[in-house]
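K.L.:
Spelled out from the first residue to the last, the chains are:
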Amino acid sequence: MDNFFKQAWAGLRVLLALTVILGVAYPAVVWGVSRVPGLHANAEASGTSLVAVVREGDEYFVPRPSAATLPASGGTNKSEINEDYTKVIAERRTEIARREGVAEDQVPQDAVTASASGLDPHISPAYAEIQVPRVARVSGLPVEKVRELVAAATEGTFTTTVNVTALNRALDAA
Amino acid sequence: MSPLVAGLVQVGILVAALAVAYRPLGDHMARVFRVQETEDQKHSKVELAIYRFARIDPNAEQKWSTYAFGVLGFSFVGIVFLYVIQRIQSVLPFAFDRGTVSEGMAFNTAISFVTNTNWQSYVPEAVLGHTVQMIGLTVQNFVSAAVGLAVAVALIRGFVRHQTDRLGNFWVDLVRGTLRILLPMAFVFAIVLIALGVTMSLKSGVDVDGQTVANAPVASQEAIKELGTNGGGVLNANSAHPFENPNEWSNLVEIFLLLVVPVALTRTFGRMVGQPKQGYVLLGVMGTIWSAMLAVIWAAEANGIRPLEGKELRFDVAASALFANSTTGTSTGAVNSWHDSYTGLGGGGTLLNMLFGEMTPGGVGTGLYSILVMAIIAMFLAGLMVGRTPEYLGKKLGRREVTAAAVSILAMPTVLLIGAGIAAVLPSTQGALNNPGEHGLSEILYAYASASNNNGSAFGGITVTSDWFQSSLGLCMLFGRFVPIIAVLALAGSLAAQKKVPVTSGTLPTTGPLFATLLGASVVLVAALTFVPALALGPIAEALL
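Same order as they appear, the protein sequences are chains A and B. Under this note's numbering, the first residue of the first sequence carries the number 1, and numbering increases by one thereafter. Under this note's numbering, the first residue of the second sequence carries the number 175, and numbering increases by one thereafter.
Simulated from the structure, these hints should not be mistaken for laboratory data. Some hints here could point you the wrong way.
Claimed, not checked - Label-pair distances were calculated between CB atoms; the ranges are:
1) B:Ala473 <-> A:Gly140: 42 to 48 Å
2) A:Ala103 <-> B:Thr588: 52 to 58 Å
3) A:Glu83 <-> B:Ser640: 51 to 57 Å
4) B:Ala710 <-> A:Glu104: 47 to 53 Å
5) B:Thr639 <-> A:Asp105: 39 to 45 Å
Everything numeric in this text was worked out from a predicted model, so none of it was measured. Ideal placement from N, C-alpha and C gives every residue a C-beta, glycine not left out.
Given these sequences and hints, build the entire structure.
P.N.:
So, in structure tokens, the structure goes:
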């Protein structure tokens, strides 16, 4: 046991020294670098479109369902064989079909399933498309104009997605 | 681009990036660690200052037992330090009225981060301030990975040294691994991640269209979270959170980071033993199992009933499955989608990845020493078949060596099955589950598999804040980490003490397809024989429903 305590004592000193380097200096320098102009426009994420929250009112596009309790993030963790949750999904589908005036089989998967973060900024082009008529009607904008805004908010390298947060802000500005 | 093609392109980019990094990083790591005692070793000024402060003679080498006491002593003070700063969080800066962390949670979290598990029973946005994240968790993200590296290097020295009782100096291996490998890479990739959009804020949150979303100094911890195969999210949704993983490119960078060190260590191993082929064959086995499991998980998810539940749209199914397979195949445990919402087969695949014992390719250091231990088991089995004393890399595998290897392999299933077994019959567990039936059992199994293998991912629906879960999972993490480490160091000590056995016509070559098949089969069979009964009642039953 003597050897253990001797090593632990050396370990405490090594830990303290490394804490100064790894726990203080390293994050501080990375924080400093994050302020270098041109590297990241927005390390503070103020006004970010990386995350989406529900905007009140039918003149906005609706993001995916969320299980997050803001300000924290999170998902449902519900499994496929969870029958209670299967009912929830079916209710969501019915509700969205009613809201957008489309058949239930036109409601895409991403519209009825909760995202992992609960803050997913994206919806599928299909989900955006079925929301266009409602948004145009309530906001008073022409359908073509709304479609243009959807196209402008479409992004992604491997998977094509529509950024709801950016889209709703574009609607504000339109 | 169809989803299949898009997924294959991403897999291709990832594999290409790993191939480019393989030799330079593997060779660099081989240069960082001294192989023979007689080799000259230069220390930097910072390193010398640390050794002076800790009163360590960096040129003195240690026996295996002293090396092991170093690992245990360092980890012990790490746990105590992490526990204490959580318990006094309310007086630390950047705590944002999140208060002190409760006893059970602080105990569990302290063990979790020191053992490189990074299991999280807490919601970071509600429980931890930036100070504990930085001076506590970030530091352990580095050093717990460096401990794994050190143990792996000590085992390699056991093979390459002859008739000595010296395995190196733990403190030197720890400090060099941290400052010469992990820190420079983490720094560079933290900046890469920032450039890709990862946040770095000292504020507690940010206003988004009238609602507050928590923020943190994410980038600095994100880089080492992946690079050190740690996996503890700075925010609750981990790498699914857009602040931690904003787009498809940051996602690929993060998957690359969590694979690169375990993969390149096979090169380091080959270099240090003087036969790069010995490393390639290990990589071949790891890569084959990783690829097969990716195919299973990806196909299962693509054919699920609701494949997007618990996944982020920007990652779709393919990049979610790629992350899930890599994070469970490396003991990382970061997630960019919730495995709990996966199909029976897909979620079962992530579970099986952990049950292989985290060696496909495994964690930083831990993956390499785990597969070397499995290689010893494989050679032992081969020796039984032909009736010869088995050898590996010029060392005889006698009773001591095989016993140490067996103890190392059996520690994980023992604590896992005892813990999960008790949890399954406790009446209180029913209330902790998030899903019914077979999937509920999978949630329990997954929790204990994750803790015992030091992975840290979860079937996250299960509520693990009761005293039973906090303490039993904490103990699984401790035993799952340190029993194998002690056994591996004892093994290294006994190997180093031996003479070199000359290669004869009767020696089974360990660079060819025969050995690769033997090793791969051992990995799969040991897991299958141990866990099929438990898996049959959980994920297998669910997949057949």
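K.L.:
Look at each hint and say if it fits the structure.
P.N.:
Against the structure, the hints come out as follows:
no.: 1; hint: B:Ala473 <-> A:Gly140: 42 to 48 Å; result: holds (47 Å)
no.: 2; hint: A:Ala103 <-> B:Thr588: 52 to 58 Å; result: holds (55 Å)
no.: 3; hint: A:Glu83 <-> B:Ser640: 51 to 57 Å; result: violated (26 Å)
no.: 4; hint: B:Ala710 <-> A:Glu104: 47 to 53 Å; result: violated (37 Å)
no.: 5; hint: B:Thr639 <-> A:Asp105: 39 to 45 Å; result: holds (41 Å)
The structure does not agree with the numbered hints 3, 4 stated previously, though it agrees with the rest.
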